[in-house]
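The chain contents come next:
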Amino acid sequence: MVETIYTVAENERIARDVYKMRLCGDVSMLTAPGMFINIALPGRYLRRPISVHDVDADGGWLSIVYKVVGAGTDDMSRMTAGTKLDVLSGLGNGFDTSKSGERPLLLGGGLGTAPLYMLAKKLLGEGRRVSAVLGFASADDVFGADELTSLGVSVAVATVDGSAGVRGFVTDAMPEAGGYTFTYSCGPTPMMKAVYGRAATGGEYSFEARMGCGFGACLGCSVKTVGGSKRVCRDGPVLEKEEIVWDD
Amino acid sequence: MGRLTVELCGIELDNPIIPASGTFGFGYEFAEYYDINILGTFSFKGTTKEPRFGNPQPRIAECPAGMINSVGLQNPGVHEVIARELPRMAEVFHKPVMANVGGFSAAEYAYTVSLLDPLSCIGWFEINISCPNVHAGGAVTGSDCRATGEVVRAVRAVTKKPVIVKLSPNVTDIAEIARAAEDAGADGISLINTLLGMRFDLRRKKPVIANVMGGLSGPAVFPVALRCVYQVSHAVKLPIVGMGGVSSAEDVIEMMLAGATAVGVGAANLRDPYACRDIITALPDALDKYGIKNIKDIIGGM
Numbered sequence: 001m002v003e004t005i006y007t008v009a010e011n012e013r014i015a016r017d018v019y020k021m022r023l024c025g026d027v028s029m030l031t032a033p034g035m036f037i038n039i040a041l042p043g044r045y046l047r048r049p050i051s052v053h054d055v056d057a058d059g060g061w062l063s064i065v066y067k068v069v070g071a072g073t074d075d076m077s078r079m080t081a082g083t084k085l086d087v088l089s090g091l092g093n094g095f096d097t098s099k100s101g102e103r104p105l106l107l108g109g110g111l112g113t114a115p116l117y118m119l120a121k122k123l124l125g126e127g128r129r130v131s132a133v134l135g136f137a138s139a140d141d142v143f144g145a146d147e148l149t150s151l152g153v154s155v156a157v158a159t160v161d162g163s164a165g166v167r168g169f170v171t172d173a174m175p176e177a178g179g180y181t182f183t184y185s186c187g188p189t190p191m192m193k194a195v196y197g198r199a200a201t202g203g204e205y206s207f208e209a210r211m212g213c214g215f216g217a218c219l220g221c222s223v224k225t226v227g228g229s230k231r232v233c234r235d236g237p238v239l240e241k242e243e244i245v246w247d248d
Numbered sequence: 249m250g251r252l253t254v255e256l257c258g259i260e261l262d263n264p265i266i267p268a269s270g271t272f273g274f275g276y277e278f279a280e281y282y283d284i285n286i287l288g289t290f291s292f293k294g295t296t297k298e299p300r301f302g303n304p305q306p307r308i309a310e311c312p313a314g315m316i317n318s319v320g321l322q323n324p325g326v327h328e329v330i331a332r333e334l335p336r337m338a339e340v341f342h343k344p345v346m347a348n349v350g351g352f353s354a355a356e357y358a359y360t361v362s363l364l365d366p367l368s369c370i371g372w373f374e375i376n377i378s379c380p381n382v383h384a385g386g387a388v389t390g391s392d393c394r395a396t397g398e399v400v401r402a403v404r405a406v407t408k409k410p411v412i413v414k415l416s417p418n419v420t421d422i423a424e425i426a427r428a429a430e431d432a433g434a435d436g437i438s439l440i441n442t443l444l445g446m447r448f449d450l451r452r453k454k455p456v457i458a459n460v461m462g463g464l465s466g467p468a469v470f471p472v473a474l475r476c477v478y479q480v481s482h483a484v485k486l487p488i489v490g491m492g493g494v495s496s497a498e499d500v501i502e503m504m505l506a507g508a509t510a511v512g513v514g515a516a517n518l519r520d521p522y523a524c525r526d527i528i529t530a531l532p533d534a535l536d537k538y539g540i541k542n543i544k545d546i547i548g549g550m
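Taken in order, these protein sequences are the chains called A and B. Taken in order, the first sequence gives residues 1 to 248; the numbers are from our numbering. Taken in order, the second sequence gives residues 249 to 550; the numbers are from our numbering.
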């Protein structure tokens, strides 16, 4: 974790209530896909933890994708280029691409699609054949499919109302067992629980949580795992399939 | 003796700044960010006899100028704390530490303190009789003079180290509880623990916190904390660790004017991991600005 200042370079709407923000500054601590940053907002006491969508180390920038769900993210959506942000960067463990096998499958639910872009780039760079299934509520919510396709990822989309892609959930568009060697998932807990039940291989699952500090101090985001309690912010957000305990 | 030096129950502190229990773990993770030996000391994560996972999610809610937590005394239990956490702490922190102890009966507090007592790294005990997150409806041992006295006497019987009793503000008369702790043999008082509060999630129309209520901390509670420290400092002769919403060197000075000998910093560490370092760095200039020679001179007002 490093405290740093990022400068907003771009901030644009890419789907219903969903924005992509590009931030310039030191990105050297963002070493793996699936890590996150924690942004201090003027007048809000807690920072906003947001997963990293892409990093360009040479260009000195990163991008995040966020959804307006409350007053803090509403503030963010109004920020213009040049705005300086106090950020704790390089948080979380991130995905481990060494486990992927030859044909990894990426599964994203809603905003959980965001970190899959950087993950796909890394896997493709390591010579893997990458496919992805992205799930959204409706066509107006879809983002990230085109950019993954242009990287060379084979992408399927599912929407709950059937207005884009397959009608149904991510699991309704998942390939059959044997079609992939490992899964990487990020999304709401019910979606990941469904993927967990359906997936025929090992996998990594990136969790969301309401956080206090975002760096492991407050124990606000602890979850039970097979190996004892873990902090989503510091020991996660990515957990191995074998260690996950689902709360009922 | 530097100008920031204070003495807390017979042990000298290089400065009055003490990260509060539950916001600083066992220190070693903060030691990755700065040298934590610059602190006066710190109060380690509340430790109980048995391991505790704590409360269900969500445990955190944002508030105007603060936050609510309902962690629920998550800790690995005293045996694991001694076997794993304190050795890791000792690698990076070389001053006496404050051992924060929680419990569910006087015997349980005494058991945990008796196991920690022989460890030379422990300078003080901070007895938490005021966590709002472990009993239904936020009830605490520290809302009752008789129960407070019982816990303090049980702990007093098993250690000669200074016993500091951490009080809840969620009581009718905090001075009365402080006097009960003093009468039972406490060496110091720390306050305030969090204020019981709650928030609703408008989308679900349910409380944000799974456990319904939680403890409010942050700058929002600072004036309440000052008032409580002031009242207790006039009710007992014991030194006070004042805390509640302290976020700046100026806040430290106010807290000491109210009667605190040392000052805890809690929620500020969670928003900014460097908060305590920055407060300590800013203190000398703040003393100059307000014409204060030595910080200990202002304890309880000039």
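Bear in mind the hints are in silico, worked out from the structure with no lab data behind them. Even for Gly, the Cβ is constructed at its ideal location relative to N, Cα and C. One or more hints might be untrue.
[Said to hold, decoys possible] Calculated pairs, DSS-like style, for lysine-lysine (alpha carbon to alpha carbon, straight line, at most 27 Å):
id, chain 1, residue 1, chain 2, residue 2
1, A, K67, B, K297
2, B, K544, A, K224
3, B, K537, B, K297
[As the list claims (entries may be wrong)] Listed next, with one range per pair, are the computed distances between beta-carbon atoms:
id, chain 1, residue 1, chain 2, residue 2, range
4, B, A530, A, V160, 46 to 56 Å
5, B, G433, A, G70, 20 to 30 Å
6, A, I5, B, G539, 33 to 43 Å
7, B, I286, A, I5, 18 to 28 Å
8, A, S28, B, R394, 21 to 31 Å
9, B, K454, A, V160, 33 to 43 Å
10, A, K84, B, A279, 27 to 37 Å
[Stated by the list, open to error] Derived, one-sided and incomplete: chain B residues facing chain A with beta-carbon distance under 10 Å:
id, residue
11, N285
12, S318
13, H327
14, V456
Which hints, by number, does the structure contradict? Result: hints 1, 2, 3, 5, 8, 9, 11, 13 break, sorted rising.
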